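Number of protein chains: 2
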Amino acid sequence: MLSEESIIHKCIKLAKKGAGTVSPNPLVGCIILKDGKIIGKGFHKEAGSPHAEVNAINKAISNGFSVKGADLYVTLEPCSHFGKTPPCTDLIIKSGIRNVYIGMQDPNPLVNGEGILKLQKAKINVIKDIKVKECTELNKIFLKNIEKKLPFVSLKVAQSIDGKIALNNFNSKWITGTEAREFVQQLRFKNDAVLVGANTVKKDNPELTYRGKRKKVINRIILTSKTSKISEKNTLLSDKYSLNTYLISSEISKSGYRKILSELYKMGITSVLVEGGAFVFSKFLEYDLFDDIYILMAPKIIGKGISSFANFEITNLSKSKNLRFVYSKKIGDDILLYYKKSK
Amino acid sequence: MLSEESIIHKCIKLAKKGAGTVSPNPLVGCIILKDGKIIGKGFHKEAGSPHAEVNAINKAISNGFSVKGADLYVTLEPCSHFGKTPPCTDLIIKSGIRNVYIGMQDPNPLVNGEGILKLQKAKINVIKDIKVKECTELNKIFLKNIEKKLPFVSLKVAQSIDGKIALNNFNSKWITGTEAREFVQQLRFKNDAVLVGANTVKKDNPELTYRGKRKKVINRIILTSKTSKISEKNTLLSDKYSLNTYLISSEISKSGYRKILSELYKMGITSVLVEGGAFVFSKFLEYDLFDDIYILMAPKIIGKGISSFANFEITNLSKSKNLRFVYSKKIGDDILLYYKKSK
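If you read the protein sequences in the order shown, they are chains S and L. Sequential numbering of the first sequence, starting at -15, is according to our numbering. Sequential numbering of the second sequence, starting at -15, is according to our numbering.
So that you can see chain S by itself, here it is in the shape it has in the complex (with noise of 0.2 Å):
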């Protein structure tokens, strides 16, 4: 017998399948069961597109199960609203589901708790609040959205053991393995756009692409201040993808930085990868407009050279910036360590 637990685990699993895809909307599994018995499953891809909860009915009904009396798991609070597809929560009614198991309340304000009510309101069982820590991290991009009406911002650092990104003369173009360039292919794959600093696009003149097996163009903000000029033969301008790279300048202040984060959300992108250089990483830092930090650490010591928050300065101990270590992780033969901003 699988607990409530295990199974609103399954549909986590299920709905990380869209990560990637699904932006603007929230990531969403969803397992039917019947009898104890899997009878359905299903995700939400991508925006426009069925939500978990229709995918995982209309697998059970073309697997040949009738879902009257059956209960259905997911990962997040089923929509009360007309959207871009009609409210999940009539399909659940009319199909005769039994009992609803939720894994957190959805913070929309076209939800929040009325997906839940008219199920009660139609005599269906609700138990909510599963795995709220567990959805939480699913939705990080999504719930951070729904707050601030602004983007998630994820810092991507790769560097050396004793913190350095690059050598002082520049002569290191990737400090991190094959392994851990794929793992960032991955981290591009699920967000809207990479930002990086105008010096970073001088230097090294990256390509910021998302190279990896599934069908994406991400992207590519270069933030600029009005003395940097970026020539237009760099890769970013002048590659098969310069229609979605964005110079974008900015004062250097946290409302400054602020302003760009809103327009970006504006623009429809809901998560930002920053992926350098030391200044943009430190005011991001210093403005604490970031959400996690991604450090993909070499096993390597530089020495000399730049480091990671160069441009980041405290006077006292007790005002350095305080993070919270959530895992590490092996990739080849480096070490990801990763982070989230410490409330």
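Simulated from the structure, these hints should not be mistaken for laboratory data. A hint or two may mislead.
Identical copies carry no separate label here, and so any pair may be met within one copy or between two of them.
[Stated by the list, open to error] Each computed SDA-like pair below joins lysine to any residue, with the alpha-carbon atoms no more than 20 Å apart:
{"id": "1", "residue 1": "Lys314", "residue 2": "Lys324"}
{"id": "2", "residue 1": "Lys29", "residue 2": "Ser326"}
{"id": "3", "residue 1": "Lys197", "residue 2": "Ile214"}
{"id": "4", "residue 1": "Lys157", "residue 2": "Asn306"}
{"id": "5", "residue 1": "Lys250", "residue 2": "Gly20"}
{"id": "6", "residue 1": "Lys157", "residue 2": "Leu301"}
{"id": "7", "residue 1": "Lys78", "residue 2": "Gly48"}
Note that the coordinates shown come from a computational prediction; the quantities given were computed from them, not determined experimentally.
With chain S's structure known, arrange chain L on it following the hints.
Okay, now just chain L, sitting in the frame of chain S:
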């Protein structure tokens, strides 16, 4: 039925109980099995006291068993020479042990296969090289001593995510948390000496004592240059352990540093924990005179500050010091990253 490997694994765990007290001897654990049942266990506790094999055999006998026809498992080849205690091979032969399972051969020139030969000549069945990799790691100190006639050198670096060991204004006594500092106490317990540079002593005035639950007075080495004078009021030169503080001056060169290590080894110091600062870390790295590195990384970003290897310099990434990542472990809010020198 326990496998040979799993019993040697148990022997390794037993052997570790001697860590910090066996110096200059190896860590050894031993188990006696009869009819598939463990009848005696032993480990080597300290130089001059009985070897693991003796302890295990005596334990079996005091448990009321006869060891005649029994199997003996031991992490390291039994000794065949008279040291502070008589040869273990003689006792094993006399006891009527039938099979001897050995984790790894003892490279000590006084043993080096002689123990195995002696057992085989007495018609004892010897199964060797059962867990060479694990037993090599267990006795990393002893093996370095035997091979190089030098102490095993570990660097212990407490740093921020961005590789800083202090603020520029040194307004930062402890970067890592309580639990990480307790781990450092364990490291000190396992080493014969700690070593720091004169500048660190002048700036931090550290205690560098072992303050754990067990009894140990650790040797404290201060590396000085002729120009750096240390006040006699300094804790290391004035506290109750000051007799165990050694001021050693050296020219700053590979041969100079190597000479120091060689002298320490002649003093009976088999292992050294290098605790800073950046200059000393950089030199041990540059001169390739270290064996492993413990990075204790606090979930903090400091930005401008003293880099852990600030005095190490390379002109090309291919010349960076490459290490091998072995494991990571969460300690309190911090993370321990353990690296070995890559061969």
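State whether the alpha carbon distance between Lys314 and Lys324 is at most 20 Å within one copy, between copies, both, or neither. Answer is both; intra-copy 18 Å and inter-copy 15 Å each pass.
Intra- versus inter-copy proximity for Gly48 and Lys78 (alpha-carbon distance at most 20 Å): So Lys78 and Gly48 pass the 20 Å test inside one copy only (18 Å; across, 76 Å).
Can you give me the call for Lys29 and Ser326, within, between, both or neither, at a CA distance of at most 20 Å? Close neither inside one copy (31 Å) nor across copies (45 Å); limit 20 Å.
Since the copies are identical, ignore which copy is meant and state whether Lys157 and Leu301 lie within 20 Å (CA to CA) inside a copy, between copies, both or neither. between (32 Å within a copy, 9 Å between copies)
When no copy is specified for Lys197 and Ile214, does a C-alpha distance of 20 Å or less occur within a copy, between copies, both, or neither? neither (31 Å within a copy, 62 Å between copies)
Indicate which option fits the pair Lys157, Asn306 if close means a Cα-Cα distance not exceeding 20 Å: within, between, both or neither. between (29 Å within a copy, 16 Å between copies)
Given a CA cutoff of 20 Å, do Lys250 and Gly20 count as a within-copy pair, a between-copy pair, both, or neither? This pair counts as neither: shortest intra-copy Cα distance 45 Å, inter-copy 71 Å.
The structure does not agree with the numbered hints 2, 3, 5 stated previously, though it agrees with the rest.
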